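Here is what each chain is made of, one letter per residue.
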Amino acid sequence: MNREPSPRADVCIVGAGPAGGLMADRLAAAGHDVVVLEAGPRFDADRDDRERRMERAIRPGHGPDSVWDMGGDRDAYESTGDRYYPLNAARVKGVGGSTLHWQGMVMRLHERDFRLESATGVGADWPLDYDDLQSYYAGAEDELGVAGASDNPFAPPRDEPHPQPAFEPSYSDSLFAEACEALGVTTHSVPNARLSEGREDRSACVGYGTCQPVCPSGAKYDATVHVERAADAGVRVVDRAPVQRLEHDDSGEHVTAAVYATPSGEHHRQTAREFVLAAGGVENPRLLLLSESEQYPDGLANSSGLVGRYFTEHLFAGVGGTLEEPTRQNHVGFNTTESHQFYDQPADGSRGAIKLEFLNYAGPSPVEMALGGDDWGDEMLDRIRANYGTHIAVGALVEQRPREENRIRLHPERTDDHGNPVPEVVWSLSDYERRGIERANEIQRDILDELGADVEWTVGPENTGPAYHHMGTTRMGDDPAESVVDARLRTHDLSNLTIASSSVFPTGGAMNPTLTIAALALKAADHVDERL
Amino acid sequence: MELTRRDVLAALAASGAAAGAGIALSGEPGEGPVGEHEVDTLVAVGNVVYPGEVEGIEEFVRQYSIERVRGRPEYAEGVADAVAALDEYTRSWEDAEFAALETELADRTLSGFDVDVADPDPDGSDRERVRYYLVNELLYALFSTPTGGELAGIENPQGHPGGTTSYQRGPPE
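Sequences listed follow chains A and B, in order.
For the first sequence, this note's numbering begins at 2 and goes up steadily by one.
For the second sequence, this note's numbering begins at 37 and goes up steadily by one.
Keep in mind that the hints were calculated from the coordinates and are not lab data.
All values derive from a computational prediction rather than experimental measurement.
Backbone N, C-alpha and C define an ideal beta-carbon position, used for all residues, glycine too.
One or more of the hints may lead you astray.
[As the list claims (entries may be wrong)] Quick list of the computed label-pair ranges, beta carbon to beta carbon:
#1 B/E38 x A/E267: 55 to 65 angstroms
#2 A/P61 x B/E186: 54 to 64 angstroms
#3 B/G66 x A/D50: 20 to 30 angstroms
#4 B/G206 x A/L184: 43 to 53 angstroms
[Stated by the list, open to error] If the Cβ cut is set under 8 angstroms, some of the chain B residues that face chain A in the computed set are:
#5 A49
#6 Y86
#7 N172
#8 A188
#9 G206
#10 P207
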C-alpha cells in the first residue's frame, strides 16, 4: 500500500483502536480529511483468520502473545516495579487495537468516580461530571451496539434503554441469585459490547466461547467496525506505520507533524491542523516522552512533569471452587450477571470501588482438559467427566489508588526495532488496593459458602494481577501544573494536540474503561470539529 | 457416540478450515505432503486417543484431516513431518510403520515415545511435534464438535458456534 503522507490533512490520529476509530469516523462524517497512523498491521477480517487465531488461543503450544502477533523487538518493554507487569499480554497492536482481544464489558462510571477526592479524600476529582458525559455515554453505547438492561439499581442515571436487549442470565446465575438473595446481595444484568441481535452486517453472538481473546463471528465489538467505516468514508488508514515522534513549531504551541516509519525503513512526516493521540495508556506517554526537543527537554506536553505518571490499573480478586451439582460452565465466554452493590467507595477513603462478576467460564473447559492432559482414550474421558461441570467462581475488579510513583517511562538502555527506548512499567500496589481486594474476597467467600461450595482457590492481595486497563498516564485536570490535558481532552501545552484514551483518567473506579474511552473520544471529536 | 458429517464441518470450522456448510468433503487427499499414508497414520492415532465410546473415527479423521490441510501447505508439512518422526520411532522399535500397528500396540508405542507427557510444540522435538500435529490435532477436532462436547457433558463446547441458548439451560433431568 502507499504509505506516503497525505499532502493535506485536517486531522492526524495516532492509533487505530476504539478511540482513534470513533474519532476518525466522526470527523470524517463531519467532512474533514483524516489520516490514521497505526503501528501494527491490518489483520485479515475474515472468519477463517479469526478461527485460526481462536485455535491458537485454545491449543497449548502457542504463547498468549502470539494470538494477535504481539512480541519481538517491536513490542519490547521492561517491568521494574514491585509487581511484574505483563505488558504484551495486556494489549494488541493493529487496526482494532486491544478491542481485538478484550472481554467486551461496558459499564458507565458512577457519579462518585468523577468526584472521588471530594467524596473520600482519595485520588483526584475529574474536571468534568457524570452529567457532562451522560449523552456521550449514550452515544458510545449506540456506536458499540451494547446489549444491556435497565435493571441495575446501582447504575448512574440514564435516559434511554440500551440499543440491544441484554443477554439472558445463565444457569449458574440462577444458582448465585438464590444465594445472593439470602445474603441481601442484589444482582443484575451485565452490559456487553457484543450483539444479542444481528445489526447491519454484524452477526449476533453465536457462542464460540472464546470472547477473550478472539471472537470469530464479529459479534463482539472491536474497533475495526469504526476504522473500516471511516476508511469507507475516505479516511486514510496507514498500517505498520509506528509514529516515532511529534514535531512542534518554533512557538512550541502547535504540533506540526507526526514522523512515522514504514516497513521499508523510510521515515515520513504527516502534517495536519489537528493531532490526536489514541495509542493507549502506555504508548501515548511514551510518544510524548520520545518527542523531546530543545524547548521541551522533558518531553512534549509535559510541563507538569506528569506525563507517564499515575499509571493506574484495576486489580482482579476472585474466589472459586466446586459444587456437588452441575454448574454448566464454559458454554459462552462472557458474563451475564454482576453486582455493583459494593461499588461506591466508602466516605472514609479506606478502600476503592468493587465490582463483582459472576463467572460463566469457571474452571477448565473440556477441550482444554483434553489438550493439556497426559492421558488419552477412556482414561482422558473419565478425567474430563470427573472435573468438568461443577466449577463455580465469583470474580471482581477492584479500584487502584492513583499514585505518582507508578509510571511509564523510557527505559535508559533497552531500545525497540527503531532504536527508540522501550516503555518501562513501574507498578506496585498500596494498602488501599489490598483492603479493597480483601473486602472483595470476604464477599465472594460469603456467597460461595452460602452456596455450599467447596472453595478451592482465592485470588487475593498476594497473588492478584492487573485487568489490563492502562489508565492515568496523561491525566486530565483544570490545573496545568497538576495535569496534562484539560476537560476538552486537549493538552495544556499544545493547542492542537488532543489525547483520547484511558490515559486521561484522573481516577479509574472499578468499571472496565472502554465505554468511558469511547464516550471521551466522541466528546473529543466534537471539540476538534469545533476548532477546524 | 457416532461422529457425523456435521461434526467434521464443526471441527473444520473450529480450525478456520471450513468455507461453510456447503463444503464438499471429497475424502481424497489433494496435492501436497499429506497423502494416503499420512491420513492412515492419523486414523491410527485417532483409534488410540479417542475414547472407546466414539464411533465413525476413520471417516471423521479422514475427511477432517484432508480438508484441514487443503490450502495450508505449511501446516501440511508439519503433519507430514510429525508422521515421519513417529514412523521412524515405530520402525526402530516395532519394525513397522505406525499405521500398520494394531491399536493396542499403537497405544503402547505412542506412550513409549513419551508423547502422552510431551508438551505440544509445533517447533519442538519429535515427540513434541507428534503431540502437537497428530495427538492434539485430533483431540482439538473431537472436543470442538457437538459430539465431542456431549461426550464431556457440554452441548456447546469452546470453539464451536453452538448458539446462546444452552448456557441458559439447566442440567438434563
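Evaluation of the provided hints:
Between B/E38 and A/E267 the beta carbons are some 59 angstroms apart, a value that agrees with the proposed interval 55 to 65 angstroms. Between A/P61 and B/E186 the beta carbon distance is about 23 angstroms. The supplied range of 54 to 64 angstroms is therefore violated. Against the hinted window of 20 to 30 angstroms, the Cβ-Cβ separation of B/G66 and A/D50 comes to about 21 angstroms, which satisfies the hint. Checking the proposed 43 to 53 angstroms range against B/G206 and A/L184 shows it is violated: the Cβ atoms sit about 22 angstroms from each other.
Given the 8 angstroms rule on beta carbons, the hint for B/A49 holds: about 6 angstroms separates it from the nearest Cβ of chain A. At its closest, the beta carbon of B/Y86 sits 7 angstroms from a beta carbon of chain A; the interface hint therefore holds under the 8 angstroms criterion. Contact between B/N172 and chain A, as hinted, is supported at the beta carbon level, the nearest pair being about 5 angstroms apart and thus within 8 angstroms. The interface hint given for B/A188 is met, as the beta carbon of that residue sits about 4 angstroms from the closest beta carbon of chain A, less than 8 angstroms.
With a least beta-carbon distance of about 5 angstroms to chain A, the hint placing B/G206 at the interface is held under the 8 angstroms criterion. Of the supplied interface hints, the one on B/P207 holds, with its beta-carbon coming within about 4 angstroms of a beta-carbon of chain A, less than 8 angstroms.
Of the numbered hints listed earlier, those contradicted by the structure are 2, 4.
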